[in-house]
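Participant: Chain by chain, the residues:
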Amino acid sequence: MLAILWKDLLIELRTKETLASLLLLGLLTLVVLSFAFDPSSPLRAAAAPGVLWVALIFAGTLGMNRSLLREREHDCLHGLLLAPLDRGTIYLAKTAANFLFMVAAQIVLLPLFVFFFNLPLGSTIARLTPVLLLGVLGFAAVGTLFAAVSLRTRAREVMLPLLMLPLAAPLVIAGIQASTQLLAGEGLDAVAHWLRLIGAFDVVFLVVGWLAFEYVVEE
Amino acid sequence: MTAKTLTDRILPPATLAAMLAALYLVFVAVPTDEFQGPVQRIFYVHMAMWLNTFTAFAMVGVASLLYLWRRTPRWDRFGRAAAELGLLFCSLGLATGAIWAKPIWGTWWTWDPRLTLTLILWMIYAAYLLLRNLAAEAQQGATLAAVLGVSGVVDLYLINRAVYWWRGIHPAVIVNREGGSGLADPLMRLTLLICMLAFFLLFLWLLRLRLSTARLEDTVDHLREQVVPTAF
Chain D
0 MLAILWKDLL IELRTKETLA SLLLLGLLTL VVLSFAFDPS SPLRAAAAPG VLWVALIFAG
60 TLGMNRSLLR EREHDCLHGL LLAPLDRGTI YLAKTAANFL FMVAAQIVLL PLFVFFFNLP
120 LGSTIARLTP VLLLGVLGFA AVGTLFAAVS LRTRAREVML PLLMLPLAAP LVIAGIQAST
180 QLLAGEGLDA VAHWLRLIGA FDVVFLVVGW LAFEYVVEE
Chain A
0 MTAKTLTDRI LPPATLAAML AALYLVFVAV PTDEFQGPVQ RIFYVHMAMW LNTFTAFAMV
60 GVASLLYLWR RTPRWDRFGR AAAELGLLFC SLGLATGAIW AKPIWGTWWT WDPRLTLTLI
120 LWMIYAAYLL LRNLAAEAQQ GATLAAVLGV SGVVDLYLIN RAVYWWRGIH PAVIVNREGG
180 SGLADPLMRL TLLICMLAFF LLFLWLLRLR LSTARLEDTV DHLREQVVPT AF
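In the order they appear, the protein sequences are chains D and A.
Last residue of the first sequence: 218 in numbering that gives the first Met the number 0, with the numbers rising by one and none dropped.
Last residue of the second sequence: 231 in numbering that gives the first Met the number 0, with the numbers rising by one and none dropped.
Here chain D stands alone, though its shape is the one from the complex (with noise of 0.2 angstroms):
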């Protein structure tokens, strides 16, 4: 498992192609969704936690959409499956790598969203990154199960995002309704039961992908 998340994360130290595009695709969503919501408005404080989990979710699909197509390209995926492996743990170095992606992404995107949208920086950053840490996992397991998924049809960009953004519903509502909570001054204790809910949906989709992947991958 160690050895498939090395070589994903190796690919990506050298050619730093996802991670590149993951980042501009989260600056320009960032600031796409800037645009919409007026600068002097006080709706503009309101929706900024909606707006980073969007920048997000955006940046995640398109992450994991790469991380499995580079499988697809010159057959490695075939290699993959051929190894001495248990199918559910190439899921699960799968979904790491994709987490790590993801957490990447989300500590630079995190600092920008600050900058545009004029919050303290410390307290933020601080009391922001359990709810995403949490948050990213989830959307890596769902992902990566259905990014498989997707492969395996043939519209192949299209699919990722509808197949798993109602799937993942749970997971946006929690993130989001605790981000605003925690952003607006809230104690921790205050978002528990969201929090609590974002970790029930990332143990259930781990559980589900670990078992369900090796029917996803099969010939």
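Treat the hints as calculated values from the structure; they're not laboratory data.
Don't take every hint at face value.
[Claimed, not checked] Some residues of chain A that are not near chain D, with every Cβ distance over 10 angstroms (derived):
#1 37
#2 40
#3 126
#4 143
#5 158
#6 164
#7 199
#8 220
[Claimed, not checked] Reference listing, derived: stretches of chain D covered by chain A, where coverage requires no fewer than 3 residues with Cβ under 8 angstroms from a Cβ of chain A:
#9 45 to 54
#10 86 to 98
#11 126 to 135
#12 171 to 185
#13 190 to 196
[Unchecked claim] Here are the computed distance ranges between Cβ atoms for each label pair:
#14 D:16 x A:70: 33 to 43 angstroms
#15 A:122 x D:12: 35 to 45 angstroms
#16 D:119 x A:71: 34 to 44 angstroms
#17 A:125 x D:210: 53 to 63 angstroms
#18 A:225 x D:81: 42 to 52 angstroms
#19 A:208 x D:45: 47 to 57 angstroms
#20 A:104 x D:199: 45 to 55 angstroms
#21 A:125 x D:77: 30 to 40 angstroms
Where a beta carbon is used, it is the ideal one built from N, C-alpha and C, also for glycine.
For chain D, the structure is supplied; the task is to place chain A on it using the hints.
Facilitator: Showing chain A alone in chain D's frame:
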């Protein structure tokens, strides 16, 4: 396979009879609701849609699980037929609900937890059917769709919690009239019962028809592959 079973003989006339009885009850016999007026009559149909929708979606979940376990095409056909019907009745339920809500609540749509949940379910099963059609290969599509079908059911509880908490912070704007107390007249309860029965029979009949069509499609595909091995 072509011989009609007893169920096939009984279902269509039974559905017709129940449907006629339901029509008579809804439009003629049942008293008009005191507060809501005639528009409340759509409720009997609306409620019947939800019984079918949730039965169908539960069937998709069970069939998906059984398909992944047993890998028999039968369960796959079952899941597909149930998903199509579930989506149909879900759409009708949303539509009748909106028609009812406009005069009563003053809006077509509210982000009420139940409505939100239903909309998310609608999207999941729409994606399920799309996935089947866009899969590179039919056999593969069946497996992939089954994975989604299982995920949908697993996700149901989480979606439910999320939407209830999401809207739960706000005071309830709408007094729910769907409770038993809303149907004061015994004839109203009878109408609801007959209506649900009628649409449930219709659902079973459509399900059987869809299943036999799917079976025929599979047979045709199979035969075609034998006759013209290269064309598919």
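Participant: Work down the list of hints and note, for each, if the structure agrees.
Facilitator: Each hint, compared with the structure:
The Cβ of residue 37 of chain A lies farther than 10 angstroms from every Cβ of chain D, with a closest approach of about 36 angstroms, so its non-interface assignment holds. No beta-carbon of chain D comes within 10 angstroms of the beta-carbon of residue 40 of chain A; the shortest separation is about 33 angstroms. Non-interface call for residue 126 of chain A relative to chain D: violated, since the shortest CB-CB distance, roughly 5 angstroms, does not exceed 10 angstroms. With a minimum CB-CB distance of about 5 angstroms to chain D, residue 143 of chain A fails to clear the 10 angstroms threshold, and the non-interface call is violated.
Against chain D, the non-interface label of residue 158 of chain A is violated: not every CB pair exceeds 10 angstroms, the least being about 5 angstroms. With a cut of 10 angstroms on Cβ distances, residue 164 of chain A falls inside the contact zone with chain D, its closest approach being about 7 angstroms. At roughly 26 angstroms, the least C-beta separation between residue 199 of chain A and chain D is larger than 10 angstroms, which holds for a residue marked as non-interface. With a least CB separation of 18 angstroms from chain D, residue 220 of chain A remains clear of the 10 angstroms interface cut-off, as annotated.
Counting residues of the segment 45 to 54 of chain D whose beta carbon lies closer than 8 angstroms to any beta carbon of chain A gives 0, which falls short of the minimum of three for the stated coverage. Coverage of the segment 86 to 98 of chain D by chain A is violated. Counting CB-CB distances below 8 angstroms, 0 residues qualify, and the rule asks for three or more. Residue count for the segment 126 to 135 of chain D with a Cβ under 8 angstroms from a Cβ of chain A: 0. That is fewer than the three needed, and the coverage hint is violated. Counting residues of the segment 171 to 185 of chain D whose beta carbon lies closer than 8 angstroms to any beta carbon of chain A gives 3, which meets the minimum of three for the stated coverage.
Here the segment 190 to 196 of chain D counts 3 residues with a CB under 8 angstroms from a CB of chain A, which clears the bar of 3, and the coverage holds. At roughly 38 angstroms, the beta-carbon separation of residue 16 of chain D and residue 70 of chain A lies within the given 33 to 43 angstroms, and the hint holds. Checked against the hint of 35 to 45 angstroms, the C-beta distance between residue 122 of chain A and residue 12 of chain D comes to roughly 37 angstroms, which is consistent with it. For residue 119 of chain D paired with residue 71 of chain A, a C-beta distance near 59 angstroms fails the hint of 34 to 44 angstroms.
Checked against the hint of 53 to 63 angstroms, the pair residue 125 of chain A and residue 210 of chain D fails, with Cβ atoms roughly 25 angstroms apart. Range check, residue 225 of chain A to residue 81 of chain D: about 32 angstroms between beta-carbon atoms, so the 42 to 52 angstroms window is missed. The hint said 47 to 57 angstroms for the Cβ distance between residue 208 of chain A and residue 45 of chain D, and at roughly 50 angstroms that hint holds. Take residue 104 of chain A and residue 199 of chain D: their Cβ atoms lie about 32 angstroms apart, and the range 45 to 55 angstroms is violated.
Hint check: residue 125 of chain A to residue 77 of chain D, Cβ distance near 32 angstroms, so the stated range 30 to 40 angstroms holds.
In summary, the numbered hints that this structure violates are 3, 4, 5, 6, 9, 10, 11, 16, 17, 18, 20.
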